[in-house]
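Given the coordinates of chain A, work out where chains B and C should sit on it, guided by the hints.
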Amino acid sequence: MEIVFQTMANGLLVGALYGLVALGFALLMGVMKFLNTAHGTFIILGGYLSYWLLELWGIDPFVSLPLVVMAMFLIGIAFYKLALSPLLKLPNIGMRINTSMLITFGSIWVLDNTMTLLWTPDVRSIMTSYTGQTLKLLGVRFSLTGLGGVGVAVLVALALYFILSGTYFGKHIRAATQDAVAASLCGINVQRTYLFSCGIAIALAGVAGMVVVSSYSISSTAGIGWLSSAFVVMVLAGEGNINAIIPAGMLLGLIESAGLLVVGVSYRQAIALIVFIIVLMIKPQGLFAKKEYGS
Amino acid sequence: MLKIAHIDVYYGDLQALWDVSLTIGEGEIVTLVGSNGAGKSTLMNTISGLLKIRAGSIEFRGIRLDSLPAHSIVEHGISMVPEGRRIFPQMTVLENLEMGASIHAARKVRQKTLKEIYEVFPILGERAKQRAGTLSGGEQQMLAIGRALMSQPKGLLIDEMSLGLSPLVVQELSRVIQGINKANNLTIFVVEQDVPLALSMAHRGYVIENGRIIDQGDAKSLLCSARIKEAYLGAA
Amino acid sequence: MNWKKLSILGVLVMVFLIPPLIWDIGTSVLNLLIMLFIYIILAQSWNLMGGYTGQINLGLAAFFGCGTLVTHFIWKAGVPFYLAMTAGGVAAMLLAVVIGLPTLRLKGMYFGIGTFALAEVCRIVVGGTFHRMLKMPSSYVASYSLVSRYYVAFVVAVLAIVVVYLVTHSKLGLGMVAVRDDETAAQVTGVNTFKCKVSALFISALLAGLAGGVFAYLRLSFHFIHMMFSPVWTFEPLMAAIIGGAGTLAGPIIGSVFLVILSEIFALKLGETHLIIFGFLFILVVMYFPSGLVGSIDQIRQKISGVGRKS
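Chains as they are written, first to last, in our numbering: chain A, 1 to 295; chain B, 1 to 236; chain C, 1 to 311.
No wet-lab data here; the hints were simulated from the structure. Treat the hints with care, since some could be wrong.
What the hints assert, rightly or not - Under the rule of at most 25 Å between Cα atoms (straight-line distance), these lysine-lysine pairs were calculated in the PhoX-like manner:
hint	chain 1	residue 1	chain 2	residue 2
1	C	5	C	107
2	A	81	B	182
3	A	33	C	107
4	B	52	B	3
This is chain A alone, in the form it adopts within the complex (with noise of 0.2 Å):
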């Protein structure tokens, strides 16, 4: 019995780590219609700039956060100029989806083979202090970084929640998504707005980047597996639907976390993809469906 509290406390952990990965994914998609695959490939780039900076210089993963959040802020913005704005041009939606989907793929190629090439394929992990601590709670051992990746995962998506509904830029971004052209006959400058939301996005990625690799670990082709999970609890939380990320991602672990008693550890990364393709079939629209940003 004591394991299967032990396995679902896990998947609470790794639940919210899902839905930190999918936040960034969810931005980019759910309100912007971009389909990033690459984000998974983002997410490992900001792993390994954690992961570099305690190596070169000893600074802790969880103090480096911000320095590597604005490095994951600017390359977004590059990654939106270079890849994604000539997009906007495109006449329809599903185009948009689309190509945004190609174009993102070949980046990946770019970029997982770049890192690889940079630094290996080996895997990285980090070690500090108190990796490996534990702490006991009500009869159940969590570790100290998964604590830690639970409670970085809950202030971001609250500070992405208030930007979103709480402020003008985060209106603009909705309005944009709803309507370009009204946007812009509005004084909005859309270019501008998808151009800083994508730089969000892409540091969401890094922050989650952060959380894998002090929890987890990386490696230069790990990406897709990220790219996977975030897909998958995008769905659950229903397209568009930001405030449902979290949760989703933790109903996911512990979907995940029960799956792995009954079929076992070698199966694991099935049971979120049958979960995906069940949705996908029955209630597209996603289970916490609630139409929020999308139309």
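Only chains B and C this time, still in chain A's reference frame:
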């Protein structure tokens, strides 16, 4: 105030406007009439910056607008109520109006402008927290006009206001527009398929056909002109 | 029939058919060409669904892996290779019934990610079930001839090209293109869109399965059979088809040639370095040259001869 001189506009390789020139003076209501596909919306989209000209110039209060992006044109004082209204369906009425005040100058006086809009369109005040997509056609048109006014424009463009609306609503809107024009000396350029409506609202009018301006003049006299009568008013 | 095109084809076929019979080409060149043929088959397979019918299938690897797996076991059981390979192709078609048909319901990008997810599930399940190495009895190793692999691969590649040619020049092919351009319009004008999509799916699966069979013939034994279900086997043909020119017959061929040449140039570097260049090319093509290399050549030819443009 608004000077359009000899512009050519293309959609790709297809020419839509030929050598179009017109002027609108301060405080005037000017209308452009013509049948479907004549180029009215093309002209509106060009002035507001959504389309680019290939020849000629567009000047507003002495400043060249034709190479500016759409959002900059709003900053220079021209605001458009687009064809089909194009309000933000998932945002509330209030949020839609707030979006209209996105430019810096308008943001500062946002609250005051909101009050004014609510006075002109009381129904918007009543429905402030409602999702814009749930409003009726006429209410959405009011919202679209209100949103455009939130940017404190010096020139207002209205593209096909009457489409899909009942005659009563259209009359009411027409009355409101004329009222705003008189009260604030707001320059208004209206594009319409409903020729009698347009010519009854406006001071002056232009007629466009197949991408070319074919007639212009005082609104009253246009209404009486034989050509207009024959082409658009179904006179015998 | 266009005699000029036919004679060019004849020459090409002779160029590929005759030399290995007379000269000792060398194993590395033969290996390279065999992989080229396999990529051509896979690229044609993907292109039929993606380029012609507009269904972006991201799970092609499942059909390839299935073909490899099934062919391996049936051939090992003593069945003549040609039958084993056919069985591999048929098995892939059966797999298409299970994982392809349900996903056809999904629209737009969800079709792509649905197929991807299902292919990944296949990979994980296969990986969990077959963790030991799959070996061939030594008799097979003893009788191994690379040249015969070459000809099998060549024949199947030609077969794939011919099949795609016939399908796309038939009424079914017209329907497929209609589905790609505007599915709703196609439905409304009486095209059986479901039949077109399903046909594309099955033929694509068959070809990919046959490619897997050829691969099983080539490699004999496999350390990690689940690697044959890796997404790389979807994505490289996909990129080859798009770079070469989606929706054309020559596109997948040209794209595959590019891919193989690039991989040879960078063969000694760490990781799949040639993919960095391929990735860049891919992005360029998607953004600026949507008709791929084939289309761009056409465009250049048009510009030179001034066809279709007034001065």
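>> Holds or violated: residue 52 (chain B) and residue 3 (chain B), Cα atoms, limit 25 Å.
In response: holds, 16 Å
> Quick one, are residue 81 (chain A) and residue 182 (chain B) close enough, alpha carbons at most 25 Å?
Replying inline: violated, 46 Å
> When you check the alpha-carbon spacing of residue 33 (chain A) and residue 107 (chain C), does it fall within 25 Å?
Replying inline: Given pair residue 33 (chain A), residue 107 (chain C) holds - Cα atoms ~15 Å apart, limit 25 Å.
> Between residue 5 (chain C) and residue 107 (chain C), does the CA-CA distance stay at or below 25 Å?
Replying inline: violated, 38 Å
In summary, the structure is inconsistent with hints 1 and 2 from the numbered list given earlier, while agreeing with the others.
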